[in-house]
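S.K.: So you can see what is in the structure, the chains are spelled out below.
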Amino acid sequence: MSVLVTGVGLALGELRDPRALREERGPGAVVEPAAILGHRGLLYKDRATQLALWAALDALDAAGLLDDRALNVSGERFAVVASSNFGNLDTVCRVAAQIAEEGTSAISPMGLPNASSNVVASSVSIRFGLRGPNLMLCNGATGGLDAVHVGSVLIRAGRADRALIIGVETRNEVVERVLGAAAADLLDGAVGLVLESAAAGRERQAEPVGALGPYAVDLDLERCLATVTDPDDIGLWLVPEGYNGPAPSSVETASRRDLSASFGRCSGALGVLQCATGLAWLAQDGAKRVVATAGGCGGDPVAALVLTATDVRGTRGERVLRPRSRRRERVGHAPHAPPAPAPPPGGLPGSTPRARRAGRRERSHVPRVLRDDACPSSAPARLGGQRSRLAPVPRERPP
Amino acid sequence: MSVDLATAPPPCADVRRRAAVSIAGYGAVTSIGATTDETFEAMCAGHSGLALLRGFDRSRFRARHAYEIDDRPSPGSEEPGRATRWLIAAIEEAADDAGLTDISELPVVIGTGLRELRSAELSWTDGAALDAAQLDFRPALRRHFGTTRVYSFANACSASLYALALACDLLLLDEAPMAVVAGVDTITASMFGLLDRVQLVSPESLRPLERDSKGVLMGDGAAAAIVRRDDAGHGGRGRLRTVSVNADAFHVTAPASEGIAQAIRDAHAEARVRPQDIDLILLHGTGTRLNDKAETQAVAAVFGNAGGGPAMTALKSSVGHTSGASGLLSLIVALRAIEAGRIPPTLGLENPIDGASNFDIVRGEQRLADPRLAEVHAFGFGGVNAVAIVEGETR
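Top to bottom, those sequences are chains A and B.
For the first sequence, the numbering used here assigns the number 1221 to the initial residue and increments by one for each residue that follows.
For the second sequence, the numbering used here assigns the number 316 to the initial residue and increments by one for each residue that follows.
In isolation and in its complexed conformation, chain B is listed as follows:
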């Protein structure tokens, strides 16, 4: 191989700016709905999936609540493979929404915080059978959809937007004309228990950006989308302007507002938008003091906090922190909100934390609005940040 360095292109930071990617279809499964429609309508109606713990032995945890998809065979029983089931359901809905009957040729990029680690836990503590290959989702997807090229990323709570970024790059590099992107997570005893251990007081609900929030509670969920090259600008369910990803390189669990602000600025630059062009922000909003403070500072640094900024909402008080699924779920809800002209409210927010009091956060009940351009945040353990900008299809 010989490379002519005089004519070789420079590192091509411009390449992905030219990619036109549309969302051809989407799907979601959460504690408040088995489909995108059900989930979105439940969010707008102010419903939440909050309930007493149903799968775990409550006597072992201080925290009593979570946002579970309670599809276990009988109350109180546990079964392995639930995350895989929701993942398949969300992908089926997305493929159907995109009008695809066969997705076997498409690459599938999955973002997950906790893989099928709940199945590993059940195998270890209760003796359920475990095939090492089922820890990621490839064998199940191959059996169900016939897919061959599957990438499973364990990228904490920004995993599904990271997956979206990689899928877009595959389209951009002509490795595929279309791709499946998905995010999924089920609550593991180890993660739920460790969060229970480190939180001073056990929260009874998740309250994003709330001054009196006690912390985060996990939720079950899956989200999926079909992305495709769309140089003709057909749009489908909406257009992806960009996904920016980076790492704080700061701390294994604590976020850094500088890294988050950089991811937002990078997203704006790549999408060629200004802060004032953004109509709606889907906040990461985990209800933890560290995240909410860092995110608020980052948003204020980019958008200012004198008021008059974009509308914002945070979904985790409706569906819990769905970890790897949360970013893509927020993106799908953003597109749905643009299409429906309705923004679901941030439940449980009464007194915003310092720095967020001038943010235009939708509270109490859904807001009728006409957003066009939405920004979606997802940040994960280890300081892995992802910010997407989407343009929706209005009715």
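In isolation and in its complexed conformation, chain A is listed as follows:
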């Protein structure tokens, strides 16, 4: 069963049009989520949740799934899979510090939802009425690509017809110190993707912007790429964050791009941002496939995911996934470009026995991942002794 991407949403400051992801520039000036979402309901949401809600709104809207910001399809089999590693880290650390200083009577009870890391995924489901499986992935550098794959698994396993994927990270004093990075080098943003089964897309005459290809996880970058790609079929290789090593043979001829050069370190949001970038690239360059890779530093595994252009046709060859006759009100960016021509027949790479064998080979060997000098620094941080420097969490009264 093929899984289509039918909407891309961005909460990346002033970068509002997904097509602009093709250009090598970053998010631009900060836009407050409340300016897009309205203030209602945001009062006690942490910043990662606010950014996620914005990206969700934008993605659902781009997919044509909203009427007046309300879902126009059933939410029963609509999954949410969010990825973030540091979304609620500041809440957790600041509340713990405040308790250590002043005791629990001093903390705001309104922080309770934010102490649970799944607040991002659950808040998205609540705002848009998405009652299918609701998952929060906190899975390190590969988390964004893993989240897209998990969404695909939920659809292919019959648990959902549609899945909204969100990748979000934010920056604050806690994240900066954990990663040992300056604020300017960290992403403050979110990206959303709407995945649909071909049948669900057909039912509502959706306009796909791409489709998911094979996915793999491996300790070795070259082997991971070889598992999901055929030689020379990749137009763009989105490299792991900060990777500046050589290109493995399967992506030797592809263009390459490190999104962290434009957006800073994206952590759990990277894979979703890579997918959005890859889709923009497919739409405008007419290439067949792009491959996104994440992880691989410090002995970590690498994840790889292929995205393909789509051209879904009916039995008589006519386009059955037509553009919607009535475009919905947009949140501020132009419609996606029409899908690129279809790649040649022959099925997706990685679904073949050869590719599956390649994925199974030599898993237990000594990791040969990324060269250390190809990775950003990741030395353990010491956050301690900072208690008294902390600004206290604002005390709010429950409404």
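Since the hints were derived computationally from the structure, they do not count as laboratory data.
Built from N, CA and C at the ideal position, the CB exists for glycine as well.
Hints are not guaranteed to be accurate.
[What the hints assert, rightly or not] Pairwise CB distance ranges (calculated):
# : chain 1 : residue 1 : chain 2 : residue 2 : range
1 : A       : E1423     : B       : G548      : 31 to 39 Å
2 : A       : V1250     : B       : G442      : 42 to 50 Å
3 : A       : G1400     : B       : S374      : 27 to 35 Å
4 : B       : N620      : A       : A1290     : 51 to 59 Å
[What the hints assert, rightly or not] Covered by chain A, according to a simulated footprint, are these stretches of chain B (three or more residues, beta-carbon under 8 Å):
# : segment
5 : 372-379
6 : 491-502
7 : 549-556
8 : 560-570
9 : 647-657
Once you've looked at the hints, dock chain B against the given chain A.
M.R.: Okay, now just chain B, sitting in the frame of chain A:
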């Protein structure tokens, strides 16, 4: 890629119904036992892990009690990485129980409410070293087991049953023949403190479905299982009939009985069982007014509450609310209860809340019984619900 839509299958709600999944082995670490056996026997004997707070500075909290695994190097001291340690211990026991010496090729799906956030807190307040990668458990599992493909879900208090659902889907889609599923949580100061802040009175113990319950208390714990495709029906420790997952889409902390009832009904439909086929329910039973009321209403809506329904029990009065570990821990105890013919009691339950007085809740002491089919509940913050149905191996 070209898809022939005329012959493409419809959204295949039927697919997972055909998956035969068995539990090949399991493991658990709780405040009352370092293994599944120890935990189960302690539960059946009516023991509880309830004790005065040992890791936190008691002067900072109103609540004085929790269900901790007190394996700190010295009394009153704190150390990072404890959740990771229990997770590894539970997975080791599960692998050993399944007769596996090498699990490096298996995908590992972890459900956790609070990850290693306690280590982050300790780093922030006390200056312990923290590597961002240790917040999830992948690096530690890779070092210990050589695993490559690890998914760490932070899905609040239903996390480990959600993890089980995803693991089953990986088996179903032939992404792996076997998988490791685990749940783990350690008590964070922030979550314990926020619960302390919002509860009107500090509970001295956790009393599921009890009219006089004062609220929830957290517990430390880990649980793990090896699941495998079992089309030949060998069973192992038991068979998983289904795990149903959904979301209330209602509130960030409060549950909704409709969403819970829907998850139960979905589980019954997927497992092709009727309410009267269920012999035993492992309730989520957190001791909070909101959860216990919503769960009671949902159970009554599906099973009725005129009496004569399935036996029920709730484990959190023995081990506390182990959050992300609780669902899988309940599932393992359900399989153990079926195998042993003994159902552990719900401690501290004297006067059930409205609507639950006709429920057949095992109280006081363990009950000798012969259940075959058990239903396991786990519900989490944000309205994330999971209901599993398992069939055990009787002696």
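S.K.: Honestly, which of those hints from before does the structure not fit?
M.R.: 2, 4, 6, 7 and 9
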